[in-house]
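Enquirer: Please model the entire structure based on the sequences and the hints provided.
As you go down the protein sequences, you meet chains U and X in turn.
Going by this note's numbering, the letters in the first sequence line up with residues -17 to 133, in that order.
Going by this note's numbering, the letters in the second sequence line up with residues 13 to 206, in that order.
No wet-lab data here; the hints were simulated from the structure.
Hints are supplied without guarantee of correctness; some may be wrong.
[To be verified] Short, incomplete list of chain X residues facing chain U, as computed with Cβ under 7 Å:
| # | residue |
| --- | --- |
| 1 | Gly89 |
| 2 | Ser95 |
| 3 | Gln99 |
| 4 | Glu102 |
| 5 | His183 |
| 6 | Leu191 |
| 7 | Ala196 |
| 8 | Pro199 |
| 9 | Phe200 |
| 10 | Thr202 |
Don't be surprised by glycine CBs; every beta carbon is placed ideally from N, CA and C.
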Amino acid sequence: MRLLNAALAMEHRLAAIYTAAAAVPAGRSARDTVERLRRHEAEHARGLEEAIRDLGGTPDAALPAAEYRTLLRLRSLTTPADIWRLAMRLENQTIAAYLEALPKLSIGQLRQTVSAIVASEAEHLALIAAESDPGRPTLLAPQAFVTGRPG
Amino acid sequence: MTGPRDPCRALTRRGLLGRAALGTAAAALVTGSDLVTGVALGQARTDDEILTSSIALEQLAAFSYEQIATRGSLAGGKDVAASFARQEHEHADALATVLAQRGGGVPAPPRRLKDVPGLQRAIAGGPRTSAAFALEIEQAAVTAYYAAQGKIEHHELLRTTASIMASEAQHLVVLRGALHRDPAPDPFVTGRRR
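Expert: So this is what it looks like as structure tokens:
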């Protein structure tokens, strides 16, 4: 249960970033990507909350938005490049944490859910790379193993 | 345990490719769910069986990208097919190392175009058809790894296959983009077709 709530906290954190990022002036493509990522993180959080309840636990609530603003220095996000840098770092951290936790999950279905989220975060990295450096498709999938750690 | 000459390996390969040939849509030359979930990994129960099926799929993907890179082209960019071929080889090699450590025999990779039904037609169809073909293979791989996550017992293998599954998901983003499809349609990437 502790693992799942830790995962939920990571999803809340990512959702908070993309919620704050929506206020940053950006072009249509960047805004669409931010909205997609925010929606996905919210779905991940909902899925984890459901899993925690199914196991008889209580999902931890997200922190108030003001706390995320302080903890993650979200006020310093002023350009799309700022968003992508922070998002890339935290998406990678999230992937690494999920992969670390994966073998500790004893229920097969939970492992499947976590793997499906890891793959989604990996897709996010590709979308962020596309926004950061458009027109270079091989950079969207730079490594054979997506571990969340520098290659 | 399977070896290069083991009939189980041949059956697996035949199963993989035979069912692949049943794809009905003209562009979808390989049917993702049939390719893996319904055949090889659907039947795989143990870590060794999962490893063998996964290696066969990675070999098939690597060979397909190599052939597309050398004989044709892939929508999405000049270097994409070669880059993805390298990555699929890395996946296959990593899985083969684990299987070998467990005393298992690595399946023989495809050697000729006709070993992969539909590949020749995909290459002849041009960059978009090749991308659609590759997308089906990648989708099948994600489906396979997703199914396997519920069964794998070896801890490090769980992490390895999850990181490979994530890599295939990134390939999907590139291929969907090349085909002007929604690049990341699902918050939970399970290989389910949209």
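Enquirer: Give a verdict on every hint.
Expert: The hints, checked one at a time:
no.	hint	verdict
1	Gly89	holds (4 Å)
2	Ser95	holds (5 Å)
3	Gln99	holds (4 Å)
4	Glu102	holds (4 Å)
5	His183	holds (6 Å)
6	Leu191	violated (12 Å)
7	Ala196	holds (4 Å)
8	Pro199	holds (4 Å)
9	Phe200	holds (4 Å)
10	Thr202	holds (5 Å)
Of the numbered hints stated above, the single one contradicted by the structure is hint 6.
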